[in-house]
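Residue numbers (our numbering), protein chains in the order written: chain A, 8 to 159; chain B, 8 to 159; chain C, 8 to 159; chain D, 8 to 159.
Mixed in with the good hints there might be a few duds.
Identical chains blur together in the list; that is why a pair holds if it fits in one copy or across any two.
Unchecked claim - Here are the simulated EDC-like cross-link-like pairs (lysine to aspartate or glutamate), alpha carbons at most 16 Å apart as the crow flies:
hint, residue 1, residue 2
1, 106, 157
2, 95, 36
3, 106, 46
4, 130, 46
5, 50, 36
6, 95, 131
7, 130, 36
8, 50, 74
9, 95, 74
10, 95, 82
In case anyone wonders, no lab produced these hints; they're calculated from the structure. Computed from a predicted structure; not experimentally measured.
There are 4 protein chains.
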Amino acid sequence: MKKLLFLILLFAPFCIQAQNNMQPYLSLEDATRISDAAEVKSKAEGWNMVIVVLDAGGHIISLRKMDGVQIGSIDVALGKAKTSVYFKRPTKVFEDMMKGEGGARIATLPNAVAIEGGLPIFKDGIIVGAIGISGASSAQDGVVAAAGLEAY
Amino acid sequence: MKKLLFLILLFAPFCIQAQNNMQPYLSLEDATRISDAAEVKSKAEGWNMVIVVLDAGGHIISLRKMDGVQIGSIDVALGKAKTSVYFKRPTKVFEDMMKGEGGARIATLPNAVAIEGGLPIFKDGIIVGAIGISGASSAQDGVVAAAGLEAY
Amino acid sequence: MKKLLFLILLFAPFCIQAQNNMQPYLSLEDATRISDAAEVKSKAEGWNMVIVVLDAGGHIISLRKMDGVQIGSIDVALGKAKTSVYFKRPTKVFEDMMKGEGGARIATLPNAVAIEGGLPIFKDGIIVGAIGISGASSAQDGVVAAAGLEAY
Amino acid sequence: MKKLLFLILLFAPFCIQAQNNMQPYLSLEDATRISDAAEVKSKAEGWNMVIVVLDAGGHIISLRKMDGVQIGSIDVALGKAKTSVYFKRPTKVFEDMMKGEGGARIATLPNAVAIEGGLPIFKDGIIVGAIGISGASSAQDGVVAAAGLEAY
């Protein structure tokens, strides 16, 4: 019974897509709301950050870099968000996979930044984009990404 | 006398920089105000656009992509702004240079997008960044870039 | 009246998108049918070709390279299709823009291959992908691209 | 005696090539048959995948992306197949080498994706190309790659 439910959940997105050949997308309004929430959280914590939102094709909808953030964080935030769109999962999953024997193989995976701070954005089970955060510790980046996602 | 004045004007920026080893920079607040003004103008005209503001190193401070804009406009807007930072001039200058005999040589210039829509941003004669616009005709992109710059 | 109609056509795609935040997409079945039609046409003409179909984000759904085609045609076909997705227009539009004074500026446009053989694919006015063809003369590439598109 | 046999086996491929300066190659028909077999297997298992076949130079002959597969799998499948062509071995060999002390050095090997799912394709001992699969777990990707290869 549990396995059946799992299978239904697994295939649900595909069925929705297949039914009518239509898929949801992220608007600039969505991306701005998500980014605003992330910025509010990072300011509340006293962290300066780069906040990126990508669409389902991995293209930028919104990017903002707070004053004084290291410029390296721009490509890191872009890379984390791209990873989450390209692989439909949080970057932390790859970070965790790199612990333990043989985990370094993940470093050879094309387009994967294996550092917490990237989260995929789903609507009705379909990927519509991702948020990527960089500027503080990776755990802190993850906290801000989650705060952004909550606003969607 | 005229030549002397010219020399003074030419070296003025350098002198300012050299005086105290300080240079002005563009804040996220500046970039947001510039981008907001560009967005207001593009909406008033009924144009959908990508609006980019870069810092003096050519790195992104702010990017927003309005709904429905062709994804190609992201790299075009980035390229126009980069050109204006890298060469401290409007991209239209290069577009004009490409008219007439031998103008195609500009196409071999590294990091130059020779299409109107990119404008450098100066403060007290020092370059602090650039705005890049893409999404409509290049002349229309130029109008929106100018509207953004006016808000600085 | 004509201008009004033009404006309606211009904004129609955006309205459809905005209405329900949903957009159509191209399936592998669609891409295969389009590629098959292109291959049939190229064989009927005795041309060997690379046939590419991309999705709305510029990512490959289908690529096939017929025997004996120059390997350079792989990236050319990919580039033409990418251009048509990124700029929502046939690559021939850019090829034509390069004729006449100042036309070489198009060579500075990021992600643009200005050679006939790339066509965007629309569904209900929304871009869903593109076809790119390379292997024969650019006019012949365009003929095969059109034959592929007809099967959609 | 054993050593002599080894030398014969080692040089056998080279001798075949050297004999008449000819080498076998993979046709689009071959690549399609291999890809069809891989697709049949992946559908039978209920997995959605990207299926790539490259030639002996590492250039794409055939690529197909089933509906709903994460877009990251395109570059991963391409990378796995490229690795198998470039190094004439299954990608799993590199994955295994990464286990144990010092294994992470493989992550510095140019053009190596050290994750199961890439297999080289040989004809009469000569490399003619590779198959690369991505979309499910790496072990499952390997199963589908093997199923494709069996059809050659």
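Practice prompt. Could you check the structure against the hints above and give me the numbers of any it violates, in ascending order?
Written response: Violated hints: 1, 2, 3, 4; rest satisfied.
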